[in-house]
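Put together the whole structure using the sequences plus the hints.
As they're listed, the protein sequences go chains A and B.
In short: position in the first sequence from 1, add 15, done, that's this note's numbering.
Take the second sequence: its position 326, counting from 1, is numbered 306 in this note's numbering, and each next residue is one higher.
Since the hints were made in silico from the structure, they are not lab data.
There could be a bad hint or two in this list.
Part of the chain B face toward chain A, derived, beta carbon under 8 Å [what the hints assert, rightly or not]:
#: 1; residue: Gly89
#: 2; residue: Thr94
#: 3; residue: Leu147
#: 4; residue: Gln297
On the chain B side, residues computed to face chain A include the following (Cβ under 7 Å) [as the list claims (entries may be wrong)]:
#: 5; residue: Gly90
#: 6; residue: His133
#: 7; residue: Met141
#: 8; residue: His203
#: 9; residue: Ala211
In this text the structure is predicted, and so the values were computed from the model without any measurement.
The beta carbon of each residue, even a glycine, is placed where N, CA and C say it ideally should be.
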Amino acid sequence: MATLDTKGEEALFLKERIRDLGCEVLLMDISMREGPLCKEADITSEEVARAGGSTLEEIRSSRDRAQSTAVMTRGAIEIAKGLSAEGKIHGVIGIGGSTGSLMATDVMRALPFGLPKLMVSSTAALPGMSTRYIGTGDICLMHSVVEISGLGEVLRNVIERAARAICAMVETPPLRVQRAEGRAVAMTMLGPCEKCASRVRRGLEEGGFQVTGFSAAGIGDRAMEEMIRQGLFDAVVDLAPGGVIEHLVGGMRDAGPTRLEAAGEMGIPQVVSTCGVNHITPPKKAWTEEHRSRRRYDLDRHRTWLRASPEELIEAARAFAEKLNKAQGPVVVVIPLKGWSSVDQPGNPTYDPEEDMVFVEELRRRLKPDIELQTVEANMEDPEFAQAVLEACRRVFPS
Amino acid sequence: MSSEESGGKSLLIVATLDTKGEHAAYVRDCVRSLGVKPVLMDVGILGEPSIPADIAKEEVASAAGYDLKGLIKARDRASCVRAIAEGAVIVANRLLEDGRIHGVFGMGGGTGTTVATRVMRSLPFGLPKVMVSTVASRDVREFVGTKDVVMFHSVADLLGMNEFVKLILGQACRAVCGMMQRGIELPKGKPMVAVSAYGANSDCALHAQSFLEAKGYEMVAFHANGCGGMAMEEFVEQGLVVGVLDLTLHEIADEMFGGYSKGIGPMRLEAGGVPRVVAPGGLDNAAFTPSCPMPDLLKGRKVCYYDVRFCVRMGPQEMRAFARIVGEKLRKVKAPTYVLIPRRGWSEFDREGMEFFDPQADQVFVDELKKVLGDAVPVEEMDVHISDPAFARRAVEVLDEMIRSGGIR
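Printed below as a string of C-alpha cells:
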C-alpha cells in the first residue's frame, strides 16, 4: 500500500525488489490525487474509492480531506479484507509518511492477527504517532529515518531491507489454533509483579491450562479485553488492573472505559488482584504542583510511578466494584497486605500498606456479597501470594 | 567456530535471561535454523539466567566498569539498569568493530526494551535492528530516536510460551535474518549530501536535488521535524555524507516554543567534519497542534492554518534570539560553513503578497547573525525567495566549492 501520487517511484522499487525475492505483489494505490505513476497500480485508487462508497472524481473535488481519507481507508480495508479472506494475500507492507502511514496501518489493524504486517514509515519516531499506527495490532513498524522522497542509495537500502523482512516474514508458519477446550487463560501483568505472574503461570500450566500474558501498560490489557470478547479465552487472571485507576486520572496506562468488564460480560471466571493500582502515571508534562509533591518511584528513565491519593484509591475501589458487580461469571479478588508489587517494598518512598487499606475497605463495602474478597499477609511477589491466587483459580476455574 | 570461519552471519540477541530465557531460547533456535549464528547477551538483573548466555550479565556490567553483584546487593534497581545498559552498549559496539555481529535482536517489556533499544541506537544506520516489545504501541520516540530500529508489537506479553508468542517471535526472527542477507550493505556509490527539508520548504530541496545530481552528488533528505534534523547530524557524525545543505532551520523555532517539530538535541547544527551551507528555511514561523499548543506569550500574532497544524509568524525579538542560537552553534563547528540568506521569504507562508511576508523582521535575524559570527563564517544575502531555483543553485555551488577545496574560509 502506498500513495503513488507522491511515493510512486519508491513503491515501484519496493514492488520490484519483493518480486525479485520470489513473492507476487499486488500494489494498491491509496492516493487521493493523480500522479504520473498512479497507472502502475494493480489496484487503482479509483477502485479503492469505489469500494469506499465514492468515486475518485468526488474525492479529488472534495475539500474535506478528513472525509476523503476516511472513504479511501474504508475502501482499502474492504478490498484487503476480501483478498485476505480469499487467501490471495499472505502479508501486507505499507510505505509512507504521515498520511500514508495512518491509512495503511488502519487497514492492517482490520486484518487478522498473525498475517504479517510491516509498515515502513518516515514518521515512526514522531511523538505519539507509533501509538496511533500500532494500537492493539500486531504491526511491525520500521523507521525509515530518511524521507521517503527520491530513490537515493540510503532509501534504497531501507526499502531493500524492508522487502527482505516482509518476504521472510510470510514464510512464518501460520497460527495453529490447538486450543484445549476450556483451558485458555488470559493473564495481565507488569514488570513489578513478574515473579507472581511466573509462579501463577507455572501453577496453571501444571494444571493443564495454557496461559497468554498481556502487559497491563494500557495497550496489551486493552487487546486482552478485545480478545476475551472474541471468545478466545475461558478464564482470566487479572493481576494488574491498574488501567482502571489510570482511566480515572488520565494516566499513561489508561486502558479505556471498559477495562475489567469483558470477562464479566462473557461470563467467564476471573481472579483479580491489585498490582499497580495504588500508583498513577500522568504524563510528566501534565504534572500539577500537587503531583510534584507526591511520593514517587522511578521504574526507569521513561517511567515514574506516583503514589495514588486516598481519594483516588476510594474512587478506584468504587469503579472496581461497579465493574465486578456486573459480572455474569464467578469473581474472586485477592489482595496482598504487604505491598501490591515489587515497587511496594519497605524503604521505598511509595510503600504504604496502611493507606492501601482505604481501597480494600471501600471495595469490601461496595462488592456484592457473593463476590469473594480475600486478603493475604504477604507482598505481591512473595510465593505465598502466588499460592493464594492459584488456590482462588482452582476454586472458580473450569476443573 | 567464529562466524568468519563458518562464512555465515551472526545475530546479537539482547534479552533478560532471568525472565525471558524461554523466549530467548526459542529465538536462538529459530535463527539457528535459518542459518544464522546467535550470540546471546544477558541483560537481566533480578535473577539467575534460565539458559546459558554467551555474554554473561556480570561481564556486560563490568565492561562499563560496574560491579553488578554489589549493585544487586544494594537493591538499587535504577543503578543496575544503568550499569547493564551502559555495559551492553560497549560490548555490542566492540562486537561490531570486530566484525562478529551483523544484526541485533531484542525482546522484552519496559525494561528490556529500554536496554535493548539503547544498544540499537548506539549502532550505525544500516545494521539490521529488530525489537520485539510488549510496549511497541506506546510512544516509541525515545526507543527508536533517530535510528532505523524495527519495532514488533508482541500484542500478548512475553510471558510463557504459547502460539501467539511463537508466531510473533517467528516472524521477527525471519525478518531480521532476511534483512541480514548478503548484499544489502550501504553501497559506496556517489558521494551523498544531506539536505534538511520540510513541507513548507520542499521546493527548495527539490531544486537542490537536481543541481546536486548535475554535479555528481546524491541527495539524502531529512524531514526537519525534531527527529529528522538530529538523524541528519548523526549521518554527518557517522561519515556517511560529504556535505550538508542545511536549508531548513524551522526546528529551532519549534524547539523554542514547544511546537510540533520540537525535540532536537544540543547536537543540532553542531556536527562537524564536512562543509555545511546553512539557510533559515521555515524559521519565519513556529508550528503548533492541539497536542503541542501555542504558548500564551505568542497570542495576537499572525496565524496561518494548515491542517491540524497552524503556524505563527515570528517577530523581531525571536529573530534576534534565533540568530544568537544559530550563530553560537556555527562558531563552534569545526568545518567550513557558509550562511546563505534569501531576502524575499523563507517558506511557503511568507512569500511576497502573503500575510507572513515581513522582510524587516527577517533582517533582524541577518544583522544579529552577522554580529555574532563576525569573521568566523561568511554570510551572503540574495534578493530572492527561498523557493527560487537561483537560491538552490547558489547553495549547491557554494557547497560544491567547499567540498572540492576543503573550505572557503
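Consistency of the hints with the structure:
1. Nearest Cβ of chain A to the Cβ of Gly89/B: about 6 Å, under the 8 Å cut. The hint holds.
2. Against a cut-off of 8 Å between C-beta atoms, the interface hint on Thr94/B holds, since the closest Cβ of chain A lies about 5 Å away.
3. The criterion of a C-beta within 8 Å of any C-beta in chain A is met by Leu147/B, whose closest approach is roughly 5 Å, and the hint holds.
4. Restraint check, Gln297/B versus chain A: the minimum CB separation of about 25 Å is more than 8 Å; hint violated.
5. Contact between Gly90/B and chain A, as hinted, is supported at the beta carbon level, the nearest pair being about 6 Å apart and thus within 7 Å.
6. Interface restraint check for His133/B: the shortest CB-CB distance to chain A comes to about 5 Å, inside 7 Å, so the restraint holds.
7. Here the hint on Met141/B is broken, as its CB sits about 9 Å from the closest CB of chain A, past 7 Å.
8. Proximity of His203/B to chain A holds as hinted, the smallest CB-CB distance being about 5 Å (cut-off 7 Å).
9. Among the interface hints, the one on Ala211/B holds; its C-beta lies about 5 Å from the nearest C-beta in chain A, closer than the 7 Å criterion.
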